[in-house]
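Enquirer: Sequence:
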Amino acid sequence: MDTIVLRPGEIADMAYWPIEGYIRTFREYKPEEDREKLEQKTIDISLPGKVWLPATSFMNRTPVDYYLEVEKGSSFVGIGYSSFIAMGQAIPEVRMLANRVIAAAEADWHIKMDICRVFNKDGYLAFRQYFCEQVEQFISQKHIASFMGTTPENLSRIRREGGFTGVQFVPWLI
1 MDTIVLRPGE
11 IADMAYWPIE
21 GYIRTFREYK
31 PEEDREKLEQ
41 KTIDISLPGK
51 VWLPATSFMN
61 RTPVDYYLEV
71 EKGSSFVGIG
81 YSSFIAMGQA
91 IPEVRMLANR
101 VIAAAEADWH
111 IKMDICRVFN
121 KDGYLAFRQY
131 FCEQVEQFIS
141 QKHIASFMGT
151 TPENLSRIRR
161 EGGFTGVQFV
171 PWLI
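The sequence shown begins at 1 in my numbering and counts up one residue at a time.
I should point out that these hints are in silico values taken from the structure, not numbers from a laboratory. Some hints here could point you the wrong way.
[Said to hold, decoys possible] Within a straight-line C-alpha distance of at most 27 Å, the following computed DSSO-like cross-link-like pairs (lysine-lysine) qualify: (1) Lys41 to Lys121; (2) Lys72 to Lys50; (3) Lys121 to Lys142; (4) Lys50 to Lys142; (5) Lys41 to Lys30; (6) Lys41 to Lys112; (7) Lys142 to Lys30; (8) Lys50 to Lys112; (9) Lys72 to Lys30; (10) Lys112 to Lys72; (11) Lys30 to Lys112; (12) Lys37 to Lys72; (13) Lys37 to Lys121; (14) Lys112 to Lys142; (15) Lys72 to Lys41; (16) Lys142 to Lys72.
A quick note: this is a predicted structure, and the numbers were derived from the prediction, not measured.
Whenever a hint applies, use it, and build me the whole structure from the sequences.
Expert: Okay, here's the thing in structure tokens:
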């Protein structure tokens with residue numbers, strides 16, 4: 001089962017380093033005013049090899065306005081805020097490293113947002129190039145579609161029409 005580790009209004013007390021699987025950030029919204037059911041919009045996907053750090057909340061101790069979810073089967077290493085502060089006091093280089101991690105995360109964020117703005121074959125190609133095409137083997141099709149601002153059905157059409165059929169989504173993830 002997916003595990004929500006951070007909710008709107010909470011202060012991030014952990015930075016995450018995914019080892020396996022992925023971490024998803026999303027917001028909930030009402031698609032239409034007369035609907036009661038909330039929908040989810042994926043706003044970030046963090047893969048192994050990159051730190052997921054809610055920088056503003058973590059560093060400035062301010063609440064977030066999104067959910068952070070560790071997906072089923074994922075594993076990660078976490079570093080808590082108090083551990084980070086203690087290391088920063090003992091080893092000044094830790095703060096410099098943190099600044100580099102934050103700068104890299106911000107640059108990645110801008111690249112990801114550029115990908116989300118292109119809602120067609122070219123956008124999907126950019127998504128696959130950035131995340132690598134194997135990402136489809138472990139990220140849910142509905143999460144990719146939500147991240148790209150479309151529906152799973154439209155994503156399937158884009159994949160089919162664009163010739164992106166070599167890698168299949170894992171059935172239990174659809």
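Enquirer: Hint by hint, say whether it matches the structure.
Expert: Taking the hints in turn, this is what the structure says about them:
1. Lys41 to Lys121: Holds, because 20 Å separates the two Cα atoms, which is no more than 27 Å.
2. Lys72 to Lys50: holds, 18 Å
3. Lys121 to Lys142: holds, 17 Å
4. Lys50 to Lys142: holds, 22 Å
5. Lys41 to Lys30: With a Cα-Cα distance of about 10 Å, the restraint between lysine 41 and lysine 30 holds, given a limit of 27 Å.
6. Lys41 to Lys112: Satisfied, since the Cα-Cα distance of roughly 14 Å is no more than 27 Å.
7. Lys142 to Lys30: holds, 17 Å
8. Lys50 to Lys112: It holds: about 13 Å lies between the C-alpha atoms, which stays within 27 Å.
9. Lys72 to Lys30: Roughly 25 Å between the alpha carbons, so the hint for lysine 72 and lysine 30 holds.
10. Lys112 to Lys72: holds, 23 Å
11. Lys30 to Lys112: holds, 24 Å
12. Lys37 to Lys72: holds, 23 Å
13. Lys37 to Lys121: violated, 30 Å
14. Lys112 to Lys142: holds, 17 Å
15. Lys72 to Lys41: The hint holds at about 18 Å.
16. Lys142 to Lys72: Holds, at roughly 15 Å.
Hint 13 from the list above is the single one not met by this structure.
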